[in-house]
Amino acid sequence: MDGDSRASNWKHRHLLGLESLSAEDIVAVLDQAAEFKRLAEQGERKLTALAGQTVANLFFEPSTRTRTSFSLAAKRLSADTIEFSASGSSLSKGETYLDTARTIEALGPSMVVVRHSSPGAPHMLSRQLDVGVLNAGDGTHEHPTQALLDLFTIREHRGDLAGKTVALVGDIRHSRVARSNIWGLRKLGARVIVCGPATLVPRNITEMGVEISYSLDRVLGEVDCVNLLRVQFERQRGAFFPSIAEYAHLFGMNGDRQRRMKDDALILAPGPINRGVELTPEVADGSKSVILDQVTNGLVIRMACLYLLDRAAANAEANA
Amino acid sequence: MDGDSRASNWKHRHLLGLESLSAEDIVAVLDQAAEFKRLAEQGERKLTALAGQTVANLFFEPSTRTRTSFSLAAKRLSADTIEFSASGSSLSKGETYLDTARTIEALGPSMVVVRHSSPGAPHMLSRQLDVGVLNAGDGTHEHPTQALLDLFTIREHRGDLAGKTVALVGDIRHSRVARSNIWGLRKLGARVIVCGPATLVPRNITEMGVEISYSLDRVLGEVDCVNLLRVQFERQRGAFFPSIAEYAHLFGMNGDRQRRMKDDALILAPGPINRGVELTPEVADGSKSVILDQVTNGLVIRMACLYLLDRAAANAEANA
Amino acid sequence: MDGDSRASNWKHRHLLGLESLSAEDIVAVLDQAAEFKRLAEQGERKLTALAGQTVANLFFEPSTRTRTSFSLAAKRLSADTIEFSASGSSLSKGETYLDTARTIEALGPSMVVVRHSSPGAPHMLSRQLDVGVLNAGDGTHEHPTQALLDLFTIREHRGDLAGKTVALVGDIRHSRVARSNIWGLRKLGARVIVCGPATLVPRNITEMGVEISYSLDRVLGEVDCVNLLRVQFERQRGAFFPSIAEYAHLFGMNGDRQRRMKDDALILAPGPINRGVELTPEVADGSKSVILDQVTNGLVIRMACLYLLDRAAANAEANA
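Residue numbers (our numbering), protein chains in the order written: chain A, 0 to 319; chain B, 0 to 319; chain C, 0 to 319.
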């Protein structure tokens with residue numbers, strides 16, 4: 000499929016989560032990102048697709064890498080950017096979340112990238128605003144561009160996702176990365192095992208079509224990828240495991256566990272990584288790790304999302 | 000008047016306040032902004048008027064919307080921007096305000112946008128620096144671009160300002176928005192009523208050519224616009240009214256009061272708004288509210304100010 | 000030497016310090032900066048040398064002027080920028096310095112500007128990353144672009160550095176500015192006197208080819224330049240002098256001392272300056288002061304460094 004037909008098949012004006020995308024939609028993003036990556040490798044890093052447009056970053060939760068990645072993606076497409084962070088902003092003056100968003104919208108961006116601690120916050124915005132909304136993480140709910148870059152990275156190294164076995168390891172209960180990955184992996188035909196302490200793996204997660212394992216060691220030999228979720232101390236309300244040492248002992252990836260994986264298995268981690276917790280330095284810097292590829296791919300994934308949303312808006316306008 | 004003659008009639012190298020502008024000057028800004036708005040609606044959002052130039056934002060007080068609006072206005076004219084905020088800056092290392100400003104000037108911007116808690120700070124800079132200075136709010140003194148965008152918004156909806164009646168409601172004493180609005184509205188021939196608790200309305204404000212009312216209800220029926228000033232908890236040194244509830248009861252705009260206004264009356268508020276204080280949600284989201292138009296218009300007003308100051312500097316140089 | 004041969008003689012892919020540069024290298028930077036300054040004065044402020052490229056600013060220590068200067072230098076060369084500051088970043092989530100840097104590198108910048116409190120941090124990055132690294136200050140070790148702009152400013156006002164006498168005054172022990180200046184000045188043939196309280200002048204500094212004086216008054220008459228180092232309260236671990244008043248009395252530059260200097264002597268200070276400590280207002284604003292020239296020159300020096308590093312990388316690739 001060439002670029003034009005890819006863009007014209009994509010109908011969504013918002014990117015809220017992978018739950019609401021079809022397998023075809025997901026593949027369209029991955030293919031578009033692959034094209035941007037190919038162009039960049041040929042030296043065409045600066046494109047003009049969004050010239051004259053403005054992309055707003057609305058981050059109500061702190062972020063370095065996702066915000067920076069979206070901002071750079073917008074600039075690579077020649078858009079101007081509006082950077083809004085909650086700290087030091089009008090929010091401290093009592094303005095509501097929606098009023099802040101409407102104010103930013105009134106400045107004329109064509110798309111708004113939003114991160115918020117409340118699940119569903121971007122969905123609410125997509126109903127209230129007239130611009131495209133991209134979810135950059137909403138509480139424990141979804142983080143679609145992270146999952147898309149994970150899928151892209153696996154596909155790039157191992158080809159088609161169908162039939163692959165992927166283990167998501169760690170705090171499944173509070174992880175928006177896990178939820179978005181599950182939706183995406185299942186839609187593309189992968190087998191998914193979620194693996195973590197019983198306190199951090201909700202029983203009813205099986206309704207999403209995944210298997211549960213409480214032992215990393217038991218599943219290691221059969222997986223094609225492990226995705227080591229971040230231990231998010233800041234998101235846990237209670238004491239879900241006895242100690243960091245205990246967690247690292249049972250669910251941390253180390254050299255010994257790495258050697259028991261298939262030769263061509265991949266190790267992903269959304270970062271920022273805690274060396275010695277989710278994985279040891281030997282693993283982080285080892286040959287199975289694709290952690291830095293994920294960062295690189297995140298940029299082209301976000302370019303692809305911005306581009307496809309913009310095309311969908313233009314097509315909707317042309318047909319109106 | 001076409002763009003060139005408009006720009007050539009504007010002689011000011013600084014925008015310090017509306018007190019020092021003539022009616023003709025003010026109209027020149029509004030007309031230029033209208034032209035930029037028309038161009039944007041035709042799809043010409045990115046102009047090249049300031050290409051190769053740098054605009055510096057010097058914010059010694061926190062700001063989200065004004066800073067973002069100026070920054071985006073500069074980018075829309077293809078200028079580069081320097082962003083300076085007091086927090087985390089050299090000021091914490093003991094540098095004076097003027098030294099900071101001179102340092103920024105030495106980086107070569109052609110214009111400096113400044114917000115400062117001291118009245119007159121931008122005026123002092125305009126005498127000390129060789130670059131154009133734009134006042135983005137100086138203490139309780141003036142906030143010229145806010146007043147210009149208010150005037151623009153009223154004119155856009157209701158035509159010529161002459162003969163219109165505008166009520167400014169709330170904390171008149173501490174409001175730079177009120178002061179700049181009074182100068183601008185009076186110069187363009189509007190009748191101005193200032194309205195608020197006696198503690199927040201200085202008696203001698205009548206010297207600026209305005210009427211005083213201590214009752215919003217008494218003036219509601221005769222006004223074409225109300226501008227609901229923000230209750231600025233952070234700027235009040237004493238207890239000027241008994242309670243927020245009392246303030247909202249007497250001076251807050253609500254559905255009942257809104258219905259007693261003329262059908263085509265407008266409700267403005269500089270934002271960020273406190274829902275339930277200066278106005279109820281019913282009013283904020285109602286048909287008389289032009290609050291979000293104000294934000295949109297703020298962008299083209301700031302583009303117009305940057306553009307006219309730049310033209311004045313170029314003309315001054317050409318004639319030197 | 001014309002621009003092309005200058006660029007082709009420069010071989011360094013990193014700018015880590017002046018210790019590792021030859022006199023020829025230093026002159027190549029100064030000449031390139033002079034050319035950028037000449038172009039700017041002719042109105043060519045925006046160049047396209049780095050169009051399509053990205054420059055990342057990684058500041059693990061707070062900075063206003065150096066960060067802003069590098070950022071603007073990158074934009075003037077048409078590069079996109081990634082801005083990373085330690086505060087509010089992933090570092091607070093436990094990520095290591097190197098992982099942060101690798102993550103930024105994975106976003107695809109061609110050069111990384113780094114400031115860090117640890118001496119040698121940029122050198123370590125230059126061995127670990129595949130991109131060009133520019134040291135924007137590493138602890139008490141080096142601050143090469145500050146020294147280069149100091150050299151540039153002296154040369155601009157007084158010509159060739161060879162045979163000139165320069166006094167560096169103040170906290171020599173903790174000053175990366177002093178160290179980089181000593182390397183640069185000595186390589187270009189200047190005589191260097193370091194001058195300060197005995198507690199702040201390490202004895203073995205003479206190994207760097209400098210003279211020591213504990214009395215500013217004794218050397219005043221013979222110097223062509225004094226460079227008044229900042230009293231860095233934040234970098235001193237102990238009490239190195241009795242009081243600020245005592246310091247200002249002995250080592251502060253004031254009107255009386257200024258009058259005892261040669262007529263054409265220059266006064267430099269890296270800023271942000273503490274008026275009344277390192278120098279009095281009379282001196283800061285006096286005819287010998289070139290403090291604001293330093294800021295202006297810092298911009299073209301940083302443009303020159305970015306440009307030369309980029310050319311070296313391109314040449315290395317072409318020859319590979």
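Keep in mind that the hints were calculated from the coordinates and are not lab data. It cannot be assumed that every hint is accurate.
You can't tell identical chains apart in this list, so a pair holds if it fits in one copy or across any two.
Here are the simulated DSS-like pairs of lysine-lysine, each with C-alpha atoms no more than 27 Å apart in a straight line [claimed, not checked]:
(1) Lys74 x Lys261
(2) Lys261 x Lys45
(3) Lys45 x Lys74
(4) Lys74 x Lys36
(5) Lys74 x Lys163
Verification of the supplied hints:
When the C-alpha separation of Lys74 and Lys261 is checked against a cutoff of 27 Å, the pair qualifies neither within a copy, at 39 Å, nor between copies, at 47 Å. For a Cα distance limit of 27 Å, the shortest separation of Lys261 from Lys45 qualifies neither inside one copy, at 39 Å, nor across copies, at 53 Å. Taking the shortest Cα distances, Lys45 and Lys74 sit within 27 Å of each other both inside one copy (8 Å) and across copies (14 Å). Taking the shortest Cα distances, Lys74 and Lys36 sit within 27 Å of each other both inside one copy (15 Å) and across copies (24 Å).
In this homomeric assembly, Lys74 and Lys163 never come within 27 Å of each other (Cα to Cα): the closest approach is 35 Å inside a single copy and 45 Å across copies.
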